[in-house]
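Colleague: Sequence:
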Amino acid sequence: MENLLMGINIISPVFFVLLIGYFAKQKGYIDNNFVDKGTWIVFYLALPFKLFYDVKNARIESLHPKYVAYILLGVIFIIFISIIIAKSLKIKDKRKLSAFVHCAYRSNFVYVGFPILDIIYNGAPSMEHMIVIISFGLTLYNISAIVLLTYYSEAEEKRISILDIIIKILKNPMIAGVVFGAIFNFLHLPVYQGVDRAIEMVAKISTPMSLILIGASLNFESSKSDFRLMFISAFIKTVVAPALLIPIGVKLGFTNMELGIAYVFWATPCAANCFIFTKQMNSDYEFASKVITLSFIMSIITYPVGISIMNYFNLLH
Numbered sequence: 628m629e630n631l632l633m634g635i636n637i638i639s640p641v642f643f644v645l646l647i648g649y650f651a652k653q654k655g656y657i658d659n660n661f662v663d664k665g666t667w668i669v670f671y672l673a674l675p676f677k678l679f680y681d682v683k684n685a686r687i688e689s690l691h692p693k694y695v696a697y698i699l700l701g702v703i704f705i706i707f708i709s710i711i712i713a714k715s716l717k718i719k720d721k722r723k724l725s726a727f728v729h730c731a732y733r734s735n736f737v738y739v740g741f742p743i744l745d746i747i748y749n750g751a752p753s754m755e756h757m758i759v760i761i762s763f764g765l766t767l768y769n770i771s772a773i774v775l776l777t778y779y780s781e782a783e784e785k786r787i788s789i790l791d792i793i794i795k796i797l798k799n800p801m802i803a804g805v806v807f808g809a810i811f812n813f814l815h816l817p818v819y820q821g822v823d824r825a826i827e828m829v830a831k832i833s834t835p836m837s838l839i840l841i842g843a844s845l846n847f848e849s850s851k852s853d854f855r856l857m858f859i860s861a862f863i864k865t866v867v868a869p870a871l872l873i874p875i876g877v878k879l880g881f882t883n884m885e886l887g888i889a890y891v892f893w894a895t896p897c898a899a900n901c902f903i904f905t906k907q908m909n910s911d912y913e914f915a916s917k918v919i920t921l922s923f924i925m926s927i928i929t930y931p932v933g934i935s936i937m938n939y940f941n942l943l944h
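In this note's numbering, the protein residues as written are 628 to 944.
These are calculated hints, taken from the structure and not from any lab test.
Misleading hints may appear alongside valid ones.
[To be verified] Okay, the calculated beta carbon distance ranges per label pair:
{"#": "1", "residue 1": "I668", "residue 2": "D823", "range": "31 to 41 Å"}
{"#": "2", "residue 1": "F807", "residue 2": "A696", "range": "21 to 31 Å"}
{"#": "3", "residue 1": "F940", "residue 2": "A751", "range": "21 to 31 Å"}
{"#": "4", "residue 1": "R855", "residue 2": "Q820", "range": "52 to 62 Å"}
{"#": "5", "residue 1": "S689", "residue 2": "F643", "range": "35 to 45 Å"}
{"#": "6", "residue 1": "N749", "residue 2": "K717", "range": "41 to 51 Å"}
{"#": "7", "residue 1": "S639", "residue 2": "S788", "range": "39 to 49 Å"}
{"#": "8", "residue 1": "K719", "residue 2": "D823", "range": "29 to 39 Å"}
{"#": "9", "residue 1": "K717", "residue 2": "A825", "range": "47 to 57 Å"}
{"#": "10", "residue 1": "N941", "residue 2": "S639", "range": "18 to 28 Å"}
{"#": "11", "residue 1": "I792", "residue 2": "R824", "range": "13 to 23 Å"}
{"#": "12", "residue 1": "K654", "residue 2": "L814", "range": "40 to 50 Å"}
{"#": "13", "residue 1": "P800", "residue 2": "A751", "range": "16 to 26 Å"}
{"#": "14", "residue 1": "E848", "residue 2": "N941", "range": "41 to 51 Å"}
On a predicted model such as this, the values are computed, not experimentally measured, just so you know.
The beta carbon of each residue, even a glycine, is placed where N, CA and C say it ideally should be.
Given the sequences, and given the hints that come with them, work out the whole structure.
Modeller: See the structure below:
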């Protein structure tokens, strides 16, 4: 019971801020225009500045190749599991099938995982391992999303451009934040104190702002006909992925910090980016929106339970 209460105490601040965003949107204080512009501020300024600042000031000693392999192979494993399950469910609509799989493996690690890790580790999760997630895990998310949504597209031409994928990766502001932060860290490049303080100030808005925007974007209008598929996709994301991959991480001998960061990566609810990607690539974005919302609702229960189990077996600290 003590472990469960600890899990609830860790998660509750995140969801209270989400609710602030949701009710502000319902009352009309936040509109879609605010969400769009706020998302731009978080995605292109606050989060890249946070990553740059944290990586620049982190003690980075090695890249941990075994951890890199674990994260990359874990993502691929969940993608294949999701495709197998989707096929067994006989989803005939290719657009819905690709949205089902996309939502089942892609987590909202940056917007939701960061705040949770800050609470679990008192604002000091290991940047060495966070870099692995951001540089490799999130990059694989983007590559696999493009391949998946193109392959299951209903368009006649299903050409996957390697150049387009590379350009999308290089243009990702979060990757840029990590790269520049690592350069300043390894080369010990100085940053003018006034600029450094400004970067820190902007970085601090990333967590509350991103949670408010996600809360404002939640859509609780559901479709009974799709509920079974929505539930299974969200269940794979929030329960199946961590349940399968954390024991593997334990067997591989990872440290508690590595396992804690990995748990948040695997268990975090479906990413809001799933909606953006599915809409841009002509997949079933309405279905994706419903899965995103349902996965957040489910994580109100799954997160405290998962964190309490991790803490019970001394896998967090």
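Colleague: If a hint holds in the structure, say so; if it doesn't, say that too.
Modeller: The hints, checked one at a time:
With their beta carbons about 20 Å apart, I668 and D823 fall outside the hinted range of 31 to 41 Å. At about 25 Å, the CB distance of F807 to A696 agrees with the hint of 21 to 31 Å. Look at F940 against A751: about 22 Å separates their beta carbons, and that is inside 21 to 31 Å. For the pair R855 and Q820, the supplied restraint of 52 to 62 Å holds, since their beta-carbon distance comes to about 56 Å.
Distance hint check: the CB atoms of S689 and F643 are about 37 Å apart, consistent with the given range 35 to 45 Å. Taken as a hint, the range 41 to 51 Å holds for the pair N749 and K717, whose Cβ atoms sit roughly 47 Å apart. Range check, S639 to S788: Cβ separation about 44 Å, and the 39 to 49 Å hint holds. For the pair K719 and D823, the beta carbons lie near 55 Å from each other, so the given range of 29 to 39 Å is not met.
Roughly 55 Å separates the CB atoms of K717 and A825, a value that falls within the hinted 47 to 57 Å. Roughly 23 Å separates the CB atoms of N941 and S639, a value that falls within the hinted 18 to 28 Å. Checked against the hint of 13 to 23 Å, the C-beta distance between I792 and R824 comes to roughly 37 Å, which is inconsistent with it. Restraint check, K654 to L814: a C-beta distance of roughly 49 Å satisfies the suggested window 40 to 50 Å.
One distance hint, 16 to 26 Å for the beta-carbon pair P800 and A751, holds here, with the actual separation near 24 Å. A hinted range of 41 to 51 Å for the beta carbons of E848 and N941 is consistent with their spacing of about 42 Å.
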